[in-house]
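Student: Protein sequences, first through last, are from chains A and B.
Under full-length UniProt numbering, the first residue of the first sequence carries the number 1, and numbering increases by one thereafter.
Under full-length UniProt numbering, the first residue of the second sequence carries the number 1, and numbering increases by one thereafter.
Since no wrong hints were added, every one of them can be taken at face value.
Within a straight-line C-alpha distance of at most 27 Å, the following computed DSS-like cross-link-like pairs (lysine-lysine) qualify:
{"hint": "1", "chain 1": "A", "residue 1": "K90", "chain 2": "B", "residue 2": "K3"}
{"hint": "2", "chain 1": "B", "residue 1": "K34", "chain 2": "A", "residue 2": "K139"}
{"hint": "3", "chain 1": "B", "residue 1": "K34", "chain 2": "B", "residue 2": "K20"}
{"hint": "4", "chain 1": "B", "residue 1": "K78", "chain 2": "A", "residue 2": "K139"}
{"hint": "5", "chain 1": "B", "residue 1": "K101", "chain 2": "B", "residue 2": "K114"}
A short, non-exhaustive set of chain B residues, derived as facing chain A with CB atoms under 10 Å:
{"hint": "6", "residue": "I54"}
{"hint": "7", "residue": "R56"}
{"hint": "8", "residue": "L57"}
{"hint": "9", "residue": "Q72"}
To be clear, the hints were calculated from the coordinates, so they are not data collected in a lab.
Ideal Cβ placement from N, Cα and C applies to all residues, glycine included.
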Amino acid sequence: MDMATGEEEVVEAYDYEFDLENPFTSPADEPITSLLDAEGHHSPSVSAAASDARRVAAGFISKVRYDGELEVHPRVAYLALNYVDRYLSKRQLACEHKPWAPRLLAISCLTLAAKMQRAAAISVADIQRGEEFMFDEEKIQRMERMVLDTLEWRTRSVTPLAFLGFFLSACFPQPWHPPLLDAIKARAVDLLLRVQPGTSAPAATPNATVLPLDSASAHLLPPMHFAEVKMAEFSPSVAAAAALLAAAGEVAGAHLHGFEAGVAACPFVNSEKLRECGEVMAAACGVGPGWTAAAAAAASAETPVTVLGHHRSASSESERTTTVGSAANSADAKRRCMGPPRQWG
Amino acid sequence: MEKYEKLEKVGEGTYGKVYKAQDRATGQLVALKKTRLEMDEEGIPPTALREISILRLLSQSLYVVRLLSVEQATKNGKPILYLVFEFLDTDLKKFVDAYRKGPNPRPLPTNVIKSFLYQLCKGVAHCHGHGVLHRDLKPQNLLVDKEKGILKIADLGLGRAFTVPMKSYTHEIVTLWYRAPEVLLGSTHYSTGVDIWSVGCIFAEMVRRQALFPGDSELQQLLHIFRLLGTPTDEQWPGVTDLRDWHEFPQWKPQILERQVPSLEPEGVDLLSKMLQYNPANRISAKAAMEHPYFDSLDKSQF
Chain A
1 MDMATGEEEV VEAYDYEFDL ENPFTSPADE PITSLLDAEG HHSPSVSAAA SDARRVAAGF
61 ISKVRYDGEL EVHPRVAYLA LNYVDRYLSK RQLACEHKPW APRLLAISCL TLAAKMQRAA
121 AISVADIQRG EEFMFDEEKI QRMERMVLDT LEWRTRSVTP LAFLGFFLSA CFPQPWHPPL
181 LDAIKARAVD LLLRVQPGTS APAATPNATV LPLDSASAHL LPPMHFAEVK MAEFSPSVAA
241 AAALLAAAGE VAGAHLHGFE AGVAACPFVN SEKLRECGEV MAAACGVGPG WTAAAAAAAS
301 AETPVTVLGH HRSASSESER TTTVGSAANS ADAKRRCMGP PRQWG
Chain B
1 MEKYEKLEKV GEGTYGKVYK AQDRATGQLV ALKKTRLEMD EEGIPPTALR EISILRLLSQ
61 SLYVVRLLSV EQATKNGKPI LYLVFEFLDT DLKKFVDAYR KGPNPRPLPT NVIKSFLYQL
121 CKGVAHCHGH GVLHRDLKPQ NLLVDKEKGI LKIADLGLGR AFTVPMKSYT HEIVTLWYRA
181 PEVLLGSTHY STGVDIWSVG CIFAEMVRRQ ALFPGDSELQ QLLHIFRLLG TPTDEQWPGV
241 TDLRDWHEFP QWKPQILERQ VPSLEPEGVD LLSKMLQYNP ANRISAKAAM EHPYFDSLDK
301 SQF
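Same shape as in the complex, but just chain A:
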């Protein structure tokens, strides 16, 4: 699927209403303060990001997302996982007694996210293809209502995507070349989708199922997994700024310095967090500081499919040998959910 075309379709579908992913009509508007106020309510807790239920739910969403036949838009998957995170930040999922619960949660979050994004309805039969048993519509709808209750119907998540337009219009040095800004934005979206906690393609390695929280041991993890947990620590605005800077470094190197200065001048951006986030992204996606120009060129030359789907940084390539979306993966996801109790902590 061509990412650029997909985006246009989404934008077009919004016609009369702008949306949280692009709420700013001009830099003179200062809605950023209220969005910043809101972002606290929408960020998942770090402990939820490391729970087993989350990993199984994230694994399912990831499986669906990388299944080329299902055509689930990456933004839908992105939002769905945000719901999962926020749900788990508020409620426990009794995985021991209901090993199927994380999958039901994931499915409901996917259908809700598709409705919010005005994407084509997700076929609950198709996304459960190959699963041991299927949840029917009624069960899923009941879960949808439970998710809505838990999220208090706050389904317009303030994700990093909401801040991209703001940083570009407020901080990117003039004069602007719209195609360049579009390219930076598209690349930043791509990076954010890739490092969103938990959305890497499911891996079959056993150590992938144990995610230590402390950064001392976290660095031992393959970069993607480290990033998954680490990313939950950053506020959406910081993640957005870091993604844009990384993207600008690749696509618009000549303007990077001016852009960095602009972002640094934003009073609400914590420069220490920004730097840290940039490093996590760089490690996970092979972009930003230390990434060679040649490699960056190779990365940006990837077709959208590989960028969004199977591509991973060279350092974690060995982890990614599994065929994404295959039966082996769903079996793996299930095994992890049904797995021995010690894994549930």
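Since the structure of chain A is provided, determine the placement of chain B on it from the hints.
Tutor: Okay, now just chain B, sitting in the frame of chain A:
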């Protein structure tokens, strides 16, 4: 729904029946809106989900009627949604009517107009800042707390999930009086300017105690506007003649706006004229309006 005791039906609103009710536990008065939403085989309809979430997002502002909760109930085996809003005793239409028709007809106090307009701009700025257009601002949608002198925007974002385009639930014709010219002319890419136009119309109505452009059809509505502000030209509003519903209109010259609002101070007239610009791109933003000199005499610290 045991949580609330229905006190009285306060309206057959655009979206269904509205009840004044009381939270049994806290005694808080609420407006209970029973939606006519039917959960179909797809579960919660996307429009409802999208729009309730808008209300949720905007409910943090003091100048937006708060959605306190969404209650799911079942009736005859079908799930129904109740929206629970904070309760306010009156709306701006009734408020203005009382000054026009009451036992003691008189103009609205200048400071009340100024304060209400400021609160309205603040609420609208909040919505626009979150990427949300109201698209149906009118005095009936602005709730008023008379005691505290507070004005809040209601019925936000419910436009599509809960209404049929031209007729409301009670088959009352949806008013066109506050509709921006670009909408009347069939523009499909309208933006924040549509709400600012409505704010301008409401501002003038508070001053005049009657509507500025009381049209009874889309064409009549346009003619009302053109007669006062002059028939728009491509020079003042690039692209207007390319809009879908544009055709040849009588050529009117602009009238003097002050004459429509004789009691309004010059700064107020200036602000009004900035809200009623034809070209939506030239219309003042809600945020900028709050900084307009008209409000210099207002104690903004209270808001």
